[in-house]
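Asks: Each chain, letter by letter, is given below.
2 protein chains.
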Amino acid sequence: MTIAVIGTGKMGSGIAKLLAAKGEKIVIGARDPAKAAALAAEIGGGAEGGGIEAAVKLADVAILAVWYQQLEETVRAAGDLTGKILVDISNPITEDFKGLRIGHTTSAAEELQALAPNATVVKAFNTIFSELLPAEAREGRDPVQAFVAADDEAAKRKVSDIAAKGGFQPVDAGPLANARYIEPLGEMTIWFAFFLGWGPTAAPAWVKS
Amino acid sequence: MTIAVIGTGKMGSGIAKLLAAKGEKIVIGARDPAKAAALAAEIGGGAEGGGIEAAVKLADVAILAVWYQQLEETVRAAGDLTGKILVDISNPITEDFKGLRIGHTTSAAEELQALAPNATVVKAFNTIFSELLPAEAREGRDPVQAFVAADDEAAKRKVSDIAAKGGFQPVDAGPLANARYIEPLGEMTIWFAFFLGWGPTAAPAWVKS
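Protein chains in written order, with this note's numbering: chain A, 7 to 215; chain B, 7 to 215.
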C-alpha cells in the first residue's frame with residue numbers, strides 16, 4: 007500500500023516522517039512539487055514527492071494535510087479520485103482559532119465528501135497536534151487516541167491500521183457524519199492547548215472503568 | 007452553601023446522593039414536590055425536598071438535572087433567579103440520541119442563559135453518565151474530568167469546587183459559549199457508550215505529557 011500525504015506543512019511533514027519511519031511507502035504531493043520533492047528527499051527511505059495529482063495517482067490512501075479552506079482547491083488539483091480513500095484531518099476553525107466556521111448540520115469531512123463524491127472520505131487525526139506526531143513525543147504516556155469516522159468499514163479499517171502503525175490507538179468514532187462532533191472535539195483541544203494553558207501535547211481520550 | 011438539585015431522575019438523584027454523602031446541604035426540587043420530598047427522605051442527612059421555586063429560593067447554586075426540553079418550563083417554575091447560579095448539565099439530543107437538536111451558533115447552555123438573564127449559567131457534568139455518579143463506581147480509575155464552562159469566574163470556581171467535592175477533576179473549559187463544543191463532546195460520549203460498544207462508564211478526558 008502506498009500512502010499519499012498532501013501538504014508539506016507541520017502536519018503533512020510530521021505524518022509523512024512518522025509513517026516512513028514505520029516502513030510505509032510514502033508519496034508526498036504539494037501545489038509546489040519542488041517542496042514535495044525536497045521533503046521526500048529529507049525523509050529518504052524511498053519516499054517520493056511531486057505534484058498533487060501525481061501523488062494521489064500512486065496511492066490508495068491520500069491524507070489531506072491541508073487547511074480546511076484549501077480542501078476544495080486540493081480536490082480540484084487531485085484529478086480522478088475514483089476509488090481513493092481521502093483522509094480529512096482538518097478542523098474548520100475561524101481565523102482566531104476560537105470557533106468553527108461550520109458545524110451542527112454539516113462538517114468539513116462531509117463537505118469534502120460532497121466535493122469528491124467518487125472518493126471515500128475518512129475523518130481522522132484532527133485532534134492530534136503536530137507536536138504529538140513524532141513517536142518520541144509520545145513516549146511514556148498512554149497511547150494517544152485517533153478518532154476515525156467513516157461510512158465505509160473497509161476504508162475505516164485501512165485508516166485505523168495506518169493510525170496504529172503510527173503508534174496511535176485508533177478509536178472507531180462511527181459514521182462520517184460524526185465529524186459534526188469530532189470537529190468540535192478538535193476545536194476544544196485547540197482551546198485547551200492554546201487558550202487554557204495545557205500546551206500542544208494536550209489530546210482527548212475516552213476512558214472507561 | 008446550599009445546593010439545589012432540580013429533578014429526581016437518574017442524574018438528579020445521583021448528584022443529590024453524591025453531594026449529600028460528601029456533607030453538602032442539599033434541597034431537592036421537582037414539579038411533583040412529593041417526589042422531591044421522598045428523595046430527600048431517602049437521602050437523609052438534612053436534605054429537604056419540595057417544589058422547584060422553594061428549592062431554588064433556599065440555594066445559591068441550582069443544578070438543573072432535567073432534559074434539555076424541560077429547561078424552559080423549569081426556569082418558568084423557578085421564580086426569581088436573580089443572582090442564582092444555574093448549572094446546565096443537559097445535552098440537547100435528538101429523540102434517537104444520535105444527534106443534537108441545536109449547535110454551532112448556539113448551545114443549550116446559552117439558550118438557558120437567555121431564558122434566565124438574571125442568573126449566571128454554568129455548563130458542567132454533561133459528559134458524565136449517571137452510572138459514574140456514585141463514588142464507588144469511580145474507584146480505581148483516574149479521576150473523571152468534569153468540564154466547566156462559564157463567563158463568570160466566581161461562578162465557575164463555585165461549580166468547580168462542587169465537582170471536586172464529588173470526586174471529579176474539574177477542568178476549566180473556558181467561556182459559556184464553549185458549550186458549543188462541550189455539548190458535541192457529550193453527544194460523542196453517548197455515541198461511544200451506547201452505539202459503539204463502550205458502555206456507560208465511558209467518559210472523555212484531556213491528557214498531556
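It should be emphasised that the hints constitute simulated quantities derived from the structure, not laboratory data. Hints may be right or wrong, so weigh each one.
Simulated coverage check for chain B against chain A, where a stretch passes if three residues somewhere in it have a Cβ under 8 angstroms from a Cβ of chain A [stated by the list, open to error]:
| hint | segment |
| --- | --- |
| 1 | 99-113 |
| 2 | 120-133 |
| 3 | 199-210 |
Each computed DSS-like pair below joins lysine-lysine, with the alpha-carbon atoms no more than 27 angstroms apart [stated by the list, open to error]:
| hint | chain 1 | residue 1 | chain 2 | residue 2 |
| --- | --- | --- | --- | --- |
| 4 | B | K41 | B | K214 |
| 5 | B | K31 | B | K16 |
| 6 | A | K214 | B | K28 |
| 7 | B | K171 | B | K31 |
| 8 | A | K63 | A | K41 |
| 9 | B | K214 | B | K63 |
| 10 | A | K16 | A | K28 |
| 11 | A | K171 | A | K31 |
| 12 | A | K41 | A | K31 |
| 13 | B | K28 | B | K16 |
| 14 | A | K104 | B | K16 |
| 15 | A | K104 | B | K104 |
| 16 | A | K214 | B | K214 |
| 17 | B | K104 | A | K214 |
| 18 | A | K28 | A | K171 |
| 19 | A | K16 | B | K214 |
| 20 | B | K104 | B | K16 |
| 21 | B | K171 | B | K28 |
| 22 | B | K31 | B | K41 |
| 23 | A | K16 | A | K41 |
| 24 | B | K31 | A | K28 |
| 25 | B | K28 | B | K41 |
| 26 | A | K41 | A | K28 |
| 27 | B | K16 | A | K214 |
| 28 | A | K171 | A | K214 |
| 29 | B | K214 | B | K171 |
| 30 | A | K28 | A | K104 |
| 31 | B | K63 | A | K171 |
| 32 | A | K41 | A | K171 |
| 33 | B | K31 | A | K214 |
Positions of the beta carbon are idealized from the N, C-alpha and C atoms, including for glycine.
Asks: Each hint: holds or not?
Replies: Each hint, compared with the structure:
no.	hint	in the structure
1	99-113	holds (count 6)
2	120-133	violated (count 0)
3	199-210	holds (count 8)
4	B:K41 to B:K214	44 angstroms, violated
5	B:K31 to B:K16	19 angstroms, holds
6	A:K214 to B:K28	24 angstroms, holds
7	B:K171 to B:K31	12 angstroms, holds
8	A:K63 to A:K41	18 angstroms, holds
9	B:K214 to B:K63	41 angstroms, violated
10	A:K16 to A:K28	18 angstroms, holds
11	A:K171 to A:K31	12 angstroms, holds
12	A:K41 to A:K31	18 angstroms, holds
13	B:K28 to B:K16	18 angstroms, holds
14	A:K104 to B:K16	34 angstroms, violated
15	A:K104 to B:K104	26 angstroms, holds
16	A:K214 to B:K214	18 angstroms, holds
17	B:K104 to A:K214	20 angstroms, holds
18	A:K28 to A:K171	7 angstroms, holds
19	A:K16 to B:K214	19 angstroms, holds
20	B:K104 to B:K16	20 angstroms, holds
21	B:K171 to B:K28	7 angstroms, holds
22	B:K31 to B:K41	18 angstroms, holds
23	A:K16 to A:K41	13 angstroms, holds
24	B:K31 to A:K28	57 angstroms, violated
25	B:K28 to B:K41	22 angstroms, holds
26	A:K41 to A:K28	22 angstroms, holds
27	B:K16 to A:K214	19 angstroms, holds
28	A:K171 to A:K214	24 angstroms, holds
29	B:K214 to B:K171	24 angstroms, holds
30	A:K28 to A:K104	34 angstroms, violated
31	B:K63 to A:K171	57 angstroms, violated
32	A:K41 to A:K171	26 angstroms, holds
33	B:K31 to A:K214	30 angstroms, violated
Checked against the numbered hints given earlier, this structure breaks hints 2, 4, 9, 14, 24, 30, 31, 33; the rest are met.
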